[in-house]
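Using the sequences provided together with the hints, build the complete structure.
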Amino acid sequence: MPDSVTQILKSGPPGTKINIAVLGDGFADSDQAAYNQRVADVLMDGVFGHDYFFEDAQAFNIYRVNLISNESGVSQRVYDEKGTPSDASDDVIVSTTLKDTALGYIYSGSWAHCWLESGANTGTLVDDALDTWVPDADLVLIILNEPGFGGCGGGGFQIVTMGGSWAVMAHEFGHGAGGLADEYCRSGTYSGSEPGQVNVTANTNRNTLKWRKFVNPSTPVPTGINDNPGDGSCAGWTEGTKPTNWSSSDDVGLFEGAQYVDSGKYRPVINCRMRGNSPPFCPICYTEMKSKMYTSTGHSFHKCYAGDFNGDGKDDLLIHNGNSILVYRSDGIQLSLVFSAVERVPGSWQFKPGDKFYIGDFNGDGKDEVVVYNSTDWVMEYLGLLVDDGSDGLRLVARYDNAMPGWQFQKNDAFYVADFDGNGRDDLFVFNGDNWAFPYVGMLRSNGSSFTVVNRYDANLPGWQMRPGDRHYVGDFTGDGREDLWVFNGDDWSIPYLGLLRSNGNSLSMARRFDGTLPGWQMRPGDKHYIGDFDGDGKADMYVFNGENWSIAYLGMFRMMDNWLHLTRRYDGAVPGWQMRRHDSHYIADLTGDGRKDLYVYNHEDWTPEYLGTMISHGHGLTASWREDWVGEWNLGSVDRFEVCDFEGVGADRNLFVHNQYWFGVMRASPNLSLLKIYYKWIHNYRYGRNW
Amino acid sequence: MTSQDKENVKSQSAKQDAPTIIEDADKPSMGGEPVKPRRIDRKVVLMAEEPSPSRATRNTMEPLPKRRRKPSDGPGDLEEQRAPDDAPEVDEEGPGYIRLRVHVDEGDMTVRDARFVAGPLNKLSDEVTPGLNYEAKVGRRRVAVGDIPETTEWRGYPDPTGRPELQGHHIVEQTSYDFTVRIPADQIEESSLQDLRIDLFRWKGRGPGDHIDITELSKEPKAAVERLASLRGVEPKATGDQVEKRLKSAFQAARKSTER
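As given, the protein sequences belong to chains A and B, one line each in that order. Just so we're aligned, residue 23 is where the first sequence starts under our numbering, counting upward by one. Just so we're aligned, residue 105 is where the second sequence starts under our numbering, counting upward by one.
The set of hints was computed from the structure by calculation and includes no laboratory data.
Label-pair ranges, simulated between beta-carbon atoms:
| no. | chain 1 | residue 1 | chain 2 | residue 2 | range |
| --- | --- | --- | --- | --- | --- |
| 1 | A | Glu93 | B | Arg216 | 27 to 35 Å |
| 2 | B | Gly243 | A | Ser696 | 54 to 62 Å |
| 3 | A | His324 | B | Lys131 | 33 to 41 Å |
Here are some chain A residues pointing at chain B (derived, C-beta under 8 Å):
| no. | residue |
| --- | --- |
| 4 | Ile306 |
| 5 | Gly428 |
| 6 | Ile574 |
| 7 | Gly595 |
Below, simulated EDC-like cross-link-like pairs (lysine to aspartate or glutamate); rule was C-alpha separation at most 16 Å, straight line:
| no. | chain 1 | residue 1 | chain 2 | residue 2 |
| --- | --- | --- | --- | --- |
| 8 | B | Lys140 | A | Asp513 |
| 9 | B | Lys140 | A | Asp537 |
| 10 | A | Lys703 | B | Asp314 |
Where is the CB? At the ideal position from N, CA and C, for every residue including glycine.
Structure follows, in structure tokens:
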């Protein structure tokens, strides 16, 4: 078998990522499976399956270079350590047994010799392998086919045996990728200047301490002092009583002992990965890693989706960035990362920037699933259904390439999530008005693990001639549990039309068509519709807003009764508490949990400051209130996007995810608009302080 | 818009009876004159009560199958999703970049390898984070800036059996080491190598997440910034046959890529 390379983590072009090259030495042809497994276990499932590296996997490419050694195992060297295993100066080589391996490393198992050493040509062999197989390596991991313990690293290299753990490897990547210092202690006193690394210090002044923003004012500084300098131990909490809920890896103070001394130098936490390997990175190391890798991750908060992916009643967050997704779980108070996938999920779905996500409970299990559609990045269109994988992640259970029986995907297919057969499983309506000789509407029924086209309408819906400019909405206007299809066209005809098409689960029938006017409302092209049951009678009603076609802005509330839309209330220019303007944008949501759909309203264009407001329905009308410019610490802006959700799990849509490139926030609508959480660049729940 | 309205546009009024804002006085109010059908290509186009089927035969979907296929149990073994044939080898296009492997020995810097890498490079940023940083200039023009996490220290793993004297890393400080400089291919030519200047700094920073504009490094106190090594121009012939070849080949590949 010739040498080869397998890219096992594909995050992006090498010039935009941190590239890790993995080389094996002493793996003969017959050992390749063991090599592959070791890489999978220790690097992919180990280092990149946990905390920081799991979260930021998108910053890295990993190339597994499959070098075939002529012999199995690596060369061995035996030292006579003269009883001083920590001192190499008096050691004598007893024997060297050379093997013909790809890189020529020699394992000694001697601590003072870094456990292993290079052979005569190792440097050249490593350079050649990297030059041949990896375009631009930043970090190099070399695995020796040697069962004994050991590892040696520096300068971006890590050379390890089969005997080490992933946690030690993650610690070493803390040096190699993050430039972090060791935080463990040995006997010794430091008296030098301030160290350069961010996670160790000689400074005991709270006001100038480099990680002061993460230290709670109630925490003493220093927090731990070594009472017995010279004993080689790292100090724990010694100053007063340690709070009962103190976390040894997440709560920050100033603890004496770090970077190979036990006094005079301090570390931020009792036990970080840079001391004990197993704990996750402390807030200081984590923040440094995140900052250094931020550009390489390509992460932003542009594409955020809300969904209850574990069925606990609280809406979680899915973030899509290029070829990756991250899923954060809500516990009602904060968000925590539970899933990170780069390039693909098992199944497989390969993520791309053009993926569009549709969230719904497609299998009726009480948890939300994800339909993902891509019509721009591949040679054909793809539709996939991603479901809970049983361990907080997602896996693909159905994929349709180019077509499904009865529907051929096209670039401008638009999907609408709706349980049109009322069986508790969300289905899909799909519309295409652009890519064929005439428009199509399809009804795609979900059985929980796949979709079937149960009906298709070519050119016409019952009582409705489809046109490219048709705009669709879903909502159960009959109250029979089946979500129906609403269609409006204000552009393609001489007068605007609104059609209400009832679903019987298999097909649609025209229940009512409004030509040009609604009761008390002259329809115009700029009408914007929001479908929802605003009076709590179990039938979907309709809000209509028009800010562009009249001298003033109008908002109408139309109640559905007896297959007819009745005008409940029309607001001309103002809702009590809100002066309507041309660029008001609305989001429909039951803010109070009373079973009546209300409105969020946002305007960042027509006033000097931005306004975010709520319009609460009492069934017959609306009452509005608003915040100007700021909601708590959130400075409203034109780049802000909103996702209605129930983050707190109160049975109402009283929360908003608000997001833009760098910032992500969670707002609460009632009783007043307020900000619950705010995150900058990344979502992390610091016990105290924050990363800005 | 009335003067009162103009005053109002500055901010929402909290008053329940706040005046209506006239957005465009030239437009009508709803409920006035009935809206006349607008003409499209001089015709009034209205939707029929029962539209007739389209007669189009080209660019239409295949007919809906008469029999529905039983849904499959799972995705089975799926092929890779197919990228267009003309998709670039790397995901995004860019001019490519020259990757220089630079060797530092006691403050002296030499180029020991070069290659061209296709695809984009992270945008040139002036910001660096604490640790080792490099700055590359051609003449006075900054062409690359970067962070280098570590170079100078080699560490052996702590002894797993707990022998007291072997706890912690076995540390070996290196006086010579390599690091990588990446320069966008459209920012440097082979002929400008003699004007290439690379400086290696160690900036101690202030805390986690700190960034600094590299142009501000010189303003940092000396205790915070140390210049570790410098390279002043590269004369390919002086780099040795192999490196000279590698430099030539890298710039050749860069030229080819640019021509494409």
